[in-house]
Amino acid sequence: MQISGKTNNIGYAHANDGGADLRSNEDTIICAGSQTLVHTGVYMAIPAGYVGLICPRSGLALKHNITVMNAPGVIDANYRGEVGVILRNMGEQAFEIHEGDRIAQIVFLPYAHMQFEPVNELDSTERGEKGFGSSGIN
1 MQISGKTNNI GYAHANDGGA DLRSNEDTII CAGSQTLVHT GVYMAIPAGY VGLICPRSGL
61 ALKHNITVMN APGVIDANYR GEVGVILRNM GEQAFEIHEG DRIAQIVFLP YAHMQFEPVN
121 ELDSTERGEK GFGSSGIN
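Numbered according to the UniProt record's numbering, the sequence shown spans residues 1 to 138.
Keep in mind the hints are simulated off the structure, nothing from the lab. Don't take each hint at face value.
To be verified - Pairwise CB distance ranges (calculated): (1) V74 with G128: 26 to 32 Å; (2) E99 with G59: 14 to 20 Å; (3) M1 with E26: 19 to 25 Å; (4) F132 with V107: 22 to 28 Å.
Here the structure is a predicted model, which is why all the values come from computation and not from measurement. Virtual Cβ for every residue (Gly too), placed ideally from N, Cα, C.
Hey, can you work out the whole structure from these sequences and the hints?
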């Protein structure tokens with residue numbers, strides 16, 4: 001896949017990782033309870049038929065209450081702008097981000113482009129309209 005800009009701000013930490021780490025291109029502070037757009041300096045040409053999904057890093061979420069605000073953020077194959085990450089500080093303390101810090105990960109997946117067919121009634125299923133925890137906890 002073609003990339004430009006700060007090409008060292010994207011990469012896989014390990015050979016079999018599903019997500020490539022995205023690094024910050026700037027120093028910034030995210031105040032408690034707020035969000036900010038963090039620039040990566042990375043530009044990419046995702047191949048047709050694929051999408052990039054920006055996901056949180058588990059360590060930032062667990063240890064610092066930092067998550068991707070619109071997770072997953074969608075990067076379409078026809079987008080050519082800089083990849084930015086909207087980070088949200090769910091904690092009670094300000095959080096500092098330094099240039100080069102790993103802030104999120106991007107997962108590339110193939111997708112299907114559906115044809116929408118309006119109908120008066122959908123096929124019935126055993127589940128039906130049950131949702132939002134209807135299958136229980138255990």
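For each hint, the structure was consulted:
Hint check: V74 to G128, Cβ distance near 29 Å, so the stated range 26 to 32 Å holds. For E99 paired with G59, a C-beta distance near 18 Å keeps the hint of 14 to 20 Å intact. The given range of 19 to 25 Å is respected by M1 and E26, whose C-beta atoms sit roughly 24 Å from each other. The supplied range of 22 to 28 Å is met by F132 and V107, whose beta-carbon atoms lie about 25 Å from each other.
The earlier numbered hints are all upheld by this structure, with none contradicted.
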